[in-house]
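Work out the full structure: start from the sequences and follow the hints.
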Amino acid sequence: MKENHMTTIYLIRHAEAEGNLYRRAHGWYNSTITDRGYHQIAALAKRFADTKFDAVYSSDRFRTMITALSIYKTHGLPLRTVRTLREIDVGYWEDTPWAELERIDPEQLANFSNDSQNWHVPGCESFAEVRERMRKALTEIAEAHPNGTVAVFSHGMAMRIIVGTLQGMTLHEIDKTGHAENTAVAKLEYENGTFNVIFRDDASHLGDNIATVRKQPWVNDPKGFEGGIYYRASGEAGHFDVMHGGDVIGAVSVVSCRGGVGTIGEFWLEEDVQKRNLGEKLVGQALSYARSRGCSILSTGRIPKSNAVGLHCAEKWGFHPVCEDAESVTFEKNFEYDEESCWKRLQEVIEK
243 MKENHMTTIY LIRHAEAEGN LYRRAHGWYN STITDRGYHQ IAALAKRFAD
293 TKFDAVYSSD RFRTMITALS IYKTHGLPLR TVRTLREIDV GYWEDTPWAE
343 LERIDPEQLA NFSNDSQNWH VPGCESFAEV RERMRKALTE IAEAHPNGTV
393 AVFSHGMAMR IIVGTLQGMT LHEIDKTGHA ENTAVAKLEY ENGTFNVIFR
443 DDASHLGDNI ATVRKQPWVN DPKGFEGGIY YRASGEAGHF DVMHGGDVIG
493 AVSVVSCRGG VGTIGEFWLE EDVQKRNLGE KLVGQALSYA RSRGCSILST
543 GRIPKSNAVG LHCAEKWGFH PVCEDAESVT FEKNFEYDEE SCWKRLQEVI
593 EK
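Per the numbering used here, the sequence shown starts with residue 243, numbered consecutively.
FYI, nobody ran anything at the bench for these hints, they're computed from the structure. Among these hints, one or two may not hold up.
Derived DSS-like pairs: lysine-lysine, alpha-carbon spacing no greater than 27 Å straight-line [said to hold, decoys possible]:
#, residue 1, residue 2
1, 586, 558
2, 594, 315
3, 558, 594
4, 558, 288
5, 547, 558
6, 288, 594
7, 429, 457
8, 418, 457
9, 315, 294
10, 429, 418
11, 457, 294
12, 288, 586
13, 288, 429
14, 517, 558
15, 594, 457
16, 429, 378
17, 418, 378
18, 315, 288
19, 315, 586
20, 547, 288
21, 457, 517
22, 457, 558
23, 294, 586
24, 294, 418
25, 429, 315
26, 294, 594
27, 517, 547
Note that the structure is predicted; figures quoted are calculated from it, not measured.
This is the structure:
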């Protein structure tokens, strides 16, 4: 008689990453984790501190690999990266602000959130393709660890598709399900070739102070994504007007990219929009441009000590002071993936 084996899989979404914070479409785009994301990872590590794992897998994107530190480093296991655990490939949309897509491709944006079978943009993969590659990847992982417990780190839309599928939903039915919080967990059991979903979308380890999705307005927007700011190249390379509707409401520029460091130049918003918490999204545009020019560090340049608002915002937005003189402070944000540096940063958060 054939012996039955059951594999337990904890399928986990990555922590808050640049796309979540800056409201940009990131599928296969390789962005990294934010400061808040590290606090979410620390909470995840605490949740699973006493769980025994036999293996840890993640997609090959930085945001899942960093989130996986919560288990593979703390449990002394190697990390196995699997390309087929990636997020959906959104084609030409990659790294475009959602507000820009709402302006230039509103029909397909609506389909993406509410009618996935009719969603198609140049260069993308379909929801059905994601469903099949995720099912194959999870099946192979489960069968490689009979009677084992495995952590698998993936992405929001990919998880929404596969978990709904394993619950017996069609793609049309999956369109009506909610969006999981960053670091949300689904527990799957695999036995005799079949998956059973024990629970899904559980982020009970996150307090409201470090949650992401539950506090973002797009979650309750009927169209699925909130209106917001987008950017228009203007003047010299690296300079962008900040747009809302058809109006210019600010500007952001990267004035140099030397030695792997991109330096912010112009950075402003009109006074009547400064209180709408839009400033941090401008950092996302500067970071995107700097990365496209081969940089791995974004610098604020010298901020005068008399500019209390500028100093406060730099720290609030995840920049760290690297140089100080009598009159100014220079901050930097490192967005390069390095396992040792990321682990050190996570340990610092855990110890606080």
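Verification of the supplied hints:
1. 586 / 558: holds, 20 Å
2. 594 / 315: Holds, because 18 Å separates the two Cα atoms, which is no more than 27 Å.
3. 558 / 594: holds, 17 Å
4. 558 / 288: It holds: about 25 Å lies between the C-alpha atoms, which stays within 27 Å.
5. 547 / 558: Distance of about 16 Å is within 27 Å: holds.
6. 288 / 594: Cα-Cα ~13 Å, so holds.
7. 429 / 457: holds, 24 Å
8. 418 / 457: holds, 19 Å
9. 315 / 294: Holds, at roughly 13 Å.
10. 429 / 418: Distance of about 21 Å is within 27 Å: holds.
11. 457 / 294: Roughly 32 Å between the alpha carbons, so the hint for residue 457 and residue 294 is violated.
12. 288 / 586: Roughly 16 Å between the alpha carbons, so the hint for residue 288 and residue 586 holds.
13. 288 / 429: holds, 17 Å
14. 517 / 558: Cα-Cα ~15 Å, so holds.
15. 594 / 457: holds, 24 Å
16. 429 / 378: This hinted pair holds, its Cα atoms lying about 17 Å apart.
17. 418 / 378: Satisfied, since the Cα-Cα distance of roughly 24 Å is no more than 27 Å.
18. 315 / 288: Answer holds: residue 315 to residue 288 is near 13 Å, not above 27 Å.
19. 315 / 586: holds, 11 Å
20. 547 / 288: violated, 38 Å
21. 457 / 517: holds, 17 Å
22. 457 / 558: holds, 17 Å
23. 294 / 586: Satisfied, since the Cα-Cα distance of roughly 23 Å is no more than 27 Å.
24. 294 / 418: The hint is violated at about 34 Å.
25. 429 / 315: Holds. Residue 429 to residue 315 sits at ~21 Å (cutoff 27 Å).
26. 294 / 594: holds, 25 Å
27. 517 / 547: Holds. Residue 517 to residue 547 sits at ~22 Å (cutoff 27 Å).
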